[in-house]
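Number of protein chains: 2
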Amino acid sequence: ALFRLFKAGGGFVDSESRDLKPVFEPRSVAVIGASNNPTKWGCIILANIVSYGFRGKIYPVNPSEEKILGIKAYPNVMSVNDEVDLAVIARPAEAVPQHIEECAEAGVKAVIAIAGGFRETGKEGEELEKESVRRARKGGLLLVGPNTMGVYSASVNLCALMPPVSPRKGEVALISQSGNIGTNLLGFGSTVGVGFNKFVSSGNEADIECYEYLAYFGSDPNVKVILLYLEGVRSGRKFMRVAEEVSEKKPVIAYKSGRTQAGVRAAKSHSGAMISPNEIVKAVFKQTGIIQATTVNEMLDLAKSFVNLPLPKGKRVGILTWGGGYGVVASDVFEEAGLDVVSLSDDTIRKLSMLLPPYWSKGNPVDLVGVFDRSIQPSCLDIIAGDLNVDIVAALGFIVGSGAFAGAFGGQTHSKEGKNIVKEWIAKADEESMEYIVKLISKYGKPLVAVTATTDMEVVAKAAEKGVVVYPTIETAASVLSKMVQYAKHKKRKEEGRL
Amino acid sequence: ALFRLFKAGGGFVDSESRDLKPVFEPRSVAVIGASNNPTKWGCIILANIVSYGFRGKIYPVNPSEEKILGIKAYPNVMSVNDEVDLAVIARPAEAVPQHIEECAEAGVKAVIAIAGGFRETGKEGEELEKESVRRARKGGLLLVGPNTMGVYSASVNLCALMPPVSPRKGEVALISQSGNIGTNLLGFGSTVGVGFNKFVSSGNEADIECYEYLAYFGSDPNVKVILLYLEGVRSGRKFMRVAEEVSEKKPVIAYKSGRTQAGVRAAKSHSGAMISPNEIVKAVFKQTGIIQATTVNEMLDLAKSFVNLPLPKGKRVGILTWGGGYGVVASDVFEEAGLDVVSLSDDTIRKLSMLLPPYWSKGNPVDLVGVFDRSIQPSCLDIIAGDLNVDIVAALGFIVGSGAFAGAFGGQTHSKEGKNIVKEWIAKADEESMEYIVKLISKYGKPLVAVTATTDMEVVAKAAEKGVVVYPTIETAASVLSKMVQYAKHKKRKEEGRL
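Protein chains in written order, with this note's numbering: chain P, 959 to 1457; chain W, 959 to 1457.
Source of the hints: derived by calculation from the structure; they are not laboratory data. Heads up, some of the hints might be wrong.
For chains that are exact copies, the list does not tell them apart, and a pair is met inside one copy or across any two.
What the hints assert, rightly or not - For lysine-lysine, the following DSS-like pairs were computed, each having C-alpha atoms within a straight-line distance of at most 25 Å:
1. Lys998 / Lys1424
2. Lys1420 / Lys1025
3. Lys1088 / Lys1450
4. Lys1420 / Lys1381
5. Lys1452 / Lys1208
6. Lys1015 / Lys1271
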C-alpha cells in the first residue's frame, strides 16, 4: 500500500538496490528501432543522442537500413561486435519482450522500453509488461519503463530522450513518474537556471522502481539535490527507508500528485495508486525528511536555492527593500511562512543610519527610501548580512532586471538609443550586484536570495550562472527559505541523533 | 478601527463621496515645481505627462524659467490665464500648504501632492499634513496624497506618474496605498496583458480616502474591474459600505497587507493601521463581496479573467490536456481549489472516442495521448466546452508558446533556420488556437482559460490582445477560476436578495 506510516528501520538499501551504472553511465548505446524517418521516435531519440554528444559508442539497430543518420546500422543487437551497456528499444509494445530476449542474448546490461501500451492500457498490456519483466530478470537485465520518455546523464553526455530537450548541466537529479512533466522541468530548468546531472522518466516502473533510482542518485557524488515527481509508489516501505537515508545526505524534494479522488482517477495508469490526501503526504514527507514542493515548478525554485546556498542556521530574516510597500508585503509573507522578520541589532541600526537619510524607518525591513546611490546599497546589504541576529538575507529590488522597467524608462527618453542606454546601464549594475551577493554569501556563510519583480528571464539565467538565486516573487522566496529552514532542522536533529 | 465586522447599511455613498472628475478627467494640468533638470521629479513627471500625450492643456509652473521642456512656463499658478482643473505639486513638503493656498486662489479644482515628509515621518510632518488638508478643504480643493506617485487616466491620456511607466490601456482601475507596488503593477500589466483605465497612488489619504476612489471607479462606466492594494483603511465603516455596493456591480479585487505584527511595523507610516490577521481579512472580504488576491501579482491574474471571460454558472470543470501527468496535477489542484473535475456526459465520451485513439482514457481530464493532429485538438475542445455537465473549460498545452520548446526543437534540427521554422510554425498554430478559443467562449458563454507552461511572455501578451487568457501555471488558473465561481455566487445571491 502507498505511503503507510511506520517507523523506518534501515540497512537493507545496499542489498536490495541494484547498481544502475549501465543505465546512467553506459559506454555504448544501441537504439533498437532506429530510423531515418524523422517522424519516428527511433529517429528522434537517436538524433537527440547524437546531437547532445554522447561520449560512448552508438549502434543503431534496424534490419532494413545500412546507415541511419549517417551511422552504420546493424540488423539486430546480437550482430553488434562490441559490448553494449544500454539498449533503447524504440519499437511497439508487442515487439518489446522479443527485443529484451535478444538483448539478453547479446549481453546488454540495461534496456529502456520507450513505448506505451502496457499495464496502463488494460489486461493485454499488463501481460506484455509482465512478460517483459520476466525476460529481463531472467536475462539479468535492468529494465527502465516501459512507457517512458527516456534517460539523461550529464556524466556521459547521454540524452536518450523522446522530446527535443537539451538539458542544462548541473548538480540536480530528477526522477519523474510523468514523462511530460519531467522533460518540461528539464526545459524550464534551462530558463530559470537549474542544471541537471541525471534524469529518468521512470514510466510504469515495472522493473526498476522509484526507490532504486533514489538510492542510486543518493550515493552519486555528482548529484547534490534530488527531485521527485510522484504519482504513486509501489514499494512504499522500501521507498520510505531509502528516502529517509538519502535525505540525511542531500535534499530530496518531491511533488506528490494523486491527492484527490479526481487526481487518482486521472492517474489510473498507475493501477496501484491510492488517494493520499495532502495531510498524509505531508506527514510521510516530514517523517522521512522529504521536502514537499507546493507546486510542480516549485521543485525548480527549491533546487536552485539548495544547490547554490548554504543551509540557514536559524529562521531570522533580514530584509533589504527598494520601496516600502514591498517591505510590508515581505514582512507579512515571510512571517506567515514561519520565518522571523527579526529586530536588527542596535549596532546595525547605527551603521545603517550613517548611510541612509535621517527619515529612514530604522527597522527591518530596511527600506532604501529612494536612495539611488549604487555605492550605498551594497554597503547596506553587507551590514544586514553581518548582523548576528540575522540567519537569512532577502534583497528585494537589489537586482533590477532589464525588462519592463528599462522599457518604461526608454519610453521616457523617446528613443531606441535611450532605451538601450538605460538597459545596458541596468544590466551592468545588476552584474556588479550579483558579484557582490556571491561575495557576501561566502563572507557570512548565510543564504541570501534576491527578489526581482521581473519577467526578464535573461537576468534570472545570468544570475544562475554566477550562483546567485533570483526569484520573481516574494512568495516564492518565503516558501523556499522556510523549507530550507525545516530541512536544516531535520538534518541537524538526525545528526545529533546519530551521535 | 480597521475592518470591524458589522452589517452594512447603505444609501450614504452618494452623499459622502465627492466627484473626482477633476482628478481623473481634467481638461488642464499645471505642474508646480516643473523643471528642466532631468534628475528632478518636476521634470520627470512633466515629461511623463507630455510623452503619454495628455489630451488637455499643460501649464508648467516655475518662477525662474521661461520654458520647460519647450512649453511656456508660468511664475505661479495664479498667473495661468485659463481654468486649471488639476495641479501636480512637485515641491518639498514644507512648500505644499502655500502652494495649495495659491491653487485655491487660482480656482484649481484638485491637487496632487507628490512629496513625502508628512505624517509618515513624525510629528512635524503630521502638522504639515493637517495644514495642507485644512487649506485644501477651505479652498474647496480635492487633495490626492500627499506622499503619492501620482495618477493615471486613460480617459484623457493623463500619465502624471513619478516612475517612467507607460501603462497599457484597458478596463481595469487600480487604487494602491503603495506607490511602488501600484506603478510596478502598471508595468507588469503591459507584460501579462492587463490594461488600465485609471490608477491612483493614494498616498497618505489625508483628504481623499480609499473609499471615495472606490465609489468613483464603481460608477465609472469605463471601469470593468477594480484592484486595491491596501495596507490600512481609515474609515472602515464607509469603506465596507462602498465596497459592498460596488462589488454588486463589478468585481473588486484586493490584496490586504498588514496581516502580521511585522507587516504592521513595516507599514507604520499608516499610523492608524492595526493587525488584521488573514482570517479577519477573509471574513470581511467575504461579507462585502471583495475578492481576495492571495499574492500581489494575483491581482493581475484575476483582473485578466474578469475582464475577458464570462462568469461561470457553476464550478464543474472540463479539462483538455496534452500529457497525462499535467492532467493528474490539474485534477488535484482544481479539486483542492474547490472546483469539481466532473464526469463528462456519455454523449461527450462517444463524440471524443470518434476522434481519439481507442486507448484514450475516456475520462476527464481528456488527454490527447500524443495526437499531434491540429485538426483534432480544436474539435476535442469544442466537444468538452459544449458538454452540459461543464461550466468551466481549462485547456492545458493547447497554446504552446514559442519559448523553451521551440528552442529545444531547434536544437534538434542543428540550425538556426530550423529553429526559426519551428518557432514560426508554433506561433502560427498558436494564433489559430487563440482565435478558436475566442469563438468557443462566445459560442458557449463559458469561461475558458489556457494554461501554457511557458516563460515566453510574447505568447501571453499576444493572447491578451485577442482577449484570450493564458496562465503559466495550473495553480494560477485554479485559484482564479475558483474565485470567479465564488464571485458569481455572491453576485447571484445579492441579485436574488434584491428581488
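Evaluation of the provided hints:
In this assembly of identical chains, Lys998 and Lys1424 lie within 25 Å of each other by CA distance neither inside one copy nor across copies; the values are 39 Å within and 36 Å between. For the homomeric pair Lys1420 and Lys1025, neither the shortest alpha-carbon distance inside one copy (41 Å) nor that between copies (44 Å) is at most 25 Å. For a Cα distance limit of 25 Å, the shortest separation of Lys1088 from Lys1450 qualifies neither inside one copy, at 43 Å, nor across copies, at 55 Å. Taking identical chains as interchangeable, the C-alpha atoms of Lys1420 and Lys1381 lie at most 25 Å apart whether they share a chain (15 Å) or sit on different chains (23 Å).
When the C-alpha separation of Lys1452 and Lys1208 is checked against a cutoff of 25 Å, the pair qualifies only within one copy, where the shortest distance is 12 Å, while the shortest distance between copies is 54 Å. In this assembly of identical chains, Lys1015 and Lys1271 lie within 25 Å of each other by CA distance neither inside one copy nor across copies; the values are 47 Å within and 60 Å between.
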